[in-house]
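Here the protein sequences come in this chain order: Z and D.
Residue 40 in UniProt numbering is what sits at position 40 of the first sequence, and the numbering runs on without skipping anything.
Residue 79 in UniProt numbering is what sits at position 79 of the second sequence, and the numbering runs on without skipping anything.
It should be emphasised that the hints constitute simulated quantities derived from the structure, not laboratory data.
Some hints could be false.
Straight line, CA to CA, 20 angstroms or less: simulated DMTMM-like cross-link-like pairs of lysine to aspartate or glutamate [as the list claims (entries may be wrong)]:
hint: 1; chain 1: Z; residue 1: K102; chain 2: Z; residue 2: E45
hint: 2; chain 1: Z; residue 1: K288; chain 2: D; residue 2: E380
hint: 3; chain 1: Z; residue 1: K294; chain 2: D; residue 2: E11
hint: 4; chain 1: Z; residue 1: K82; chain 2: D; residue 2: D225
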Amino acid sequence: MTTTADAPTTRGLLLPPADPRQHLTSPTTRTVLRLQQHMLAAAREYLTGAGFAEMMPPIIGPVTDPGGRGSKQVDVDFYGHKYKLMTSAILYKQASLLAFPKIFCIAPNVRLEPLETANTSRHLAEFHQIDVEMAGASRDQITAVLEELVRHIVSRVVTDLPAEFAELGRDTSVFTALLNQAFGRRTHAEAVSELIGLGHPQNPDAEIDWEGEALLSSRSAQPFFVTDYPKGSRGFYDRESAQDPGVLRNFDLLAPEGYGELCSGSEREYDYARIVTRMRETGENPAKYGWYLKLVREGIPASAGFGIGVERFTRYLAGLDGAWQANAFPKLPGVVSP
Amino acid sequence: MTGLRTRGFPERAVRERARLGAAAAFPADAHYGHTLFGAEATADADQLDQLRITPPVFMPQRLEKLIELGREPLHTDVALGTVIGGLRSALPLYLSAFGSTRAAGTDQVLAASRQAGRLGIPMVIGENIVPMSGYGRGGEQTRRTALGRIAAYLTELPDGLGGVAVQQSTEDADAEVWNLVYSDPAAQPLLESGRLAFELKVGQGAKPGLGGMTVLDRTAAARVDEQFALDEVFGPDADRVLRCSSPGTFTEEILRQQIRLMRNNYPRVKVWVKLHPGRDVALAADIAWTAGADAVTVDGAEGGTGWAPVATLAHSGLPLGECLARIGPRADCLLTSGRFWEGSRVVKSLALGATAAGLGRAALLATDEDPEAGLTRLVECLALELRLLISSLGKYTPAALGPEDVWPTPAPSAAAPAHRIPEVLHHG
């Protein structure tokens, strides 16, 4: 059901106010956006200092990330040709490594998520990512970058914005473990076993479902990685293990306290024949990826990278109920809004 | 009537059933008391048609039914309700996909959809409907869109029965048919009541190993020339061109992973897989079920609404009966399509391991004959035959049928996967 934002709640959850003035002038929104602004500045500070070049992300293209979990792309009429709004810049991130070996961008993404995601507290139809890609990196190297980046951002905002945290009623001592200890790590198979042990049914061939993610997250005191997702759960660009076929060299970073996934990343496929085969395994028609496959056939660097959901990360730091509270013009799936 | 014609299909008999309903299960009553009846040779009989249904003399399951009822059971005691690929159906029947070809006219398709809903049987919406006819959202006016068909189907659908299976082929992936349906408000009633399925189209019976083909006029062709290959088989000056889809490339791993991805991406829908009658159909079906498919459809090399080369129609693909023999009886849900229109062929296919049979051309002809009730009458006649034949075997549900109910009893084929040769016969 499409819902208008006039209704204050949907399925018992807080919805954005229908009036954008009310949202934008709310003290909470203003504090959250100040926090977010500082987070982005800290991300740029860290990444630029680590030698990453900031790229301007493309907004439209003949093809975008096919995504997963049932989200629909938005079609754009490009002079009579069907283009797509970026669901993520992944294909362009790989291509960008032809210009610079280490890149990042702060990119908008649009995904028409299934209506049921309107009440996960974590999904927005329009959201932003801190997208990072690094040529020649292994999974261990890229998760080290991610861990340092997250720690740097959290350290910066906790140090610089105590008044904002106080206004939000967020006790910053919850970040002590994050700031001082290495992030936890478990494989997808271990996470599945844990969930099944907790009585939560989880398909071992699929993504950890949203309830499962929230459950694992709520049982942890600090962020942790889930690695080695099965092949049938992710896009064609996550690299399949050479030693362990069917297992991907990828990872998610989950926040503690029930906030769930903050970030997905992986080593990438870069070999032409493997990418074409993986496209078929994910039900894609390679013909529509013409420009990308031409680049790949001629050679692109091996790489690894990730994308941090800006609104989700902000929600976790600020201790918010919903990711929409971390967006100035929030769009919940199916909710007609400014 | 639109002048829709079929070749190699008992069109006259189907049209008669669309007019007369259950009465057409018997010879014309004008002959009753005056004519002696015997077996007649059937034209165009295939391997499945040539089997005979073999009622035994001794019927322990009839005794069970007698005890249950406290009276002698009749054919009216056969319960035809069947779970088809996770969807509850009033009958072991479903409405097959029609494809995007012009033979499946808008009114017939909508009439068939409405009646399938009325009958409480699942309906499949074919590949290429969305890229060719649109989905029905965003200002598209045409009634034959996927959404138009779903709306027609839902008008008379009883609670708790039926469901819609939406096909997607390799080239439909560009139109994101499944993503569109899964996130669409109009599909929510089906999704929330567990009555939505997605069918991965791997192949089709009329053109095994080839993709969809339709004949388009040049204006229509120009609209889709970025998506489909166009072939000037009728000459450079002809008004019409052949539109060809790619069949998509499959290996064992590609099929397995596509099914897993469907389950990952659409956890709330049932997953169906449609196979052409390939020589490795048993292996492909086994992979599909093992990867978690709720149903596998085998489309016999029997024809369809689309355009197909004469050479493939006449010479390509295993007969449906051989497909069933190779797959062998197993507990998984197997759907069959290909020249079904009356009860005996359905009973034989169920006896050989199918869970349900699809009505394609028969449904189109029946709605062409009478848009309001043609399909309903055809199915009433078919249902009566199912009840008569199943009860004649001393059985009272479609699932009770087994290979012992037909002759010659099919031998386990050497082409079936070794680890899957009849492990469990249907309880019967």
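Structure-based check of all given hints:
no., hint, result
1, K102/Z with E45/Z, "holds (15 angstroms)"
2, K288/Z with E380/D, "violated (46 angstroms)"
3, K294/Z with E11/D, "violated (51 angstroms)"
4, K82/Z with D225/D, "holds (12 angstroms)"
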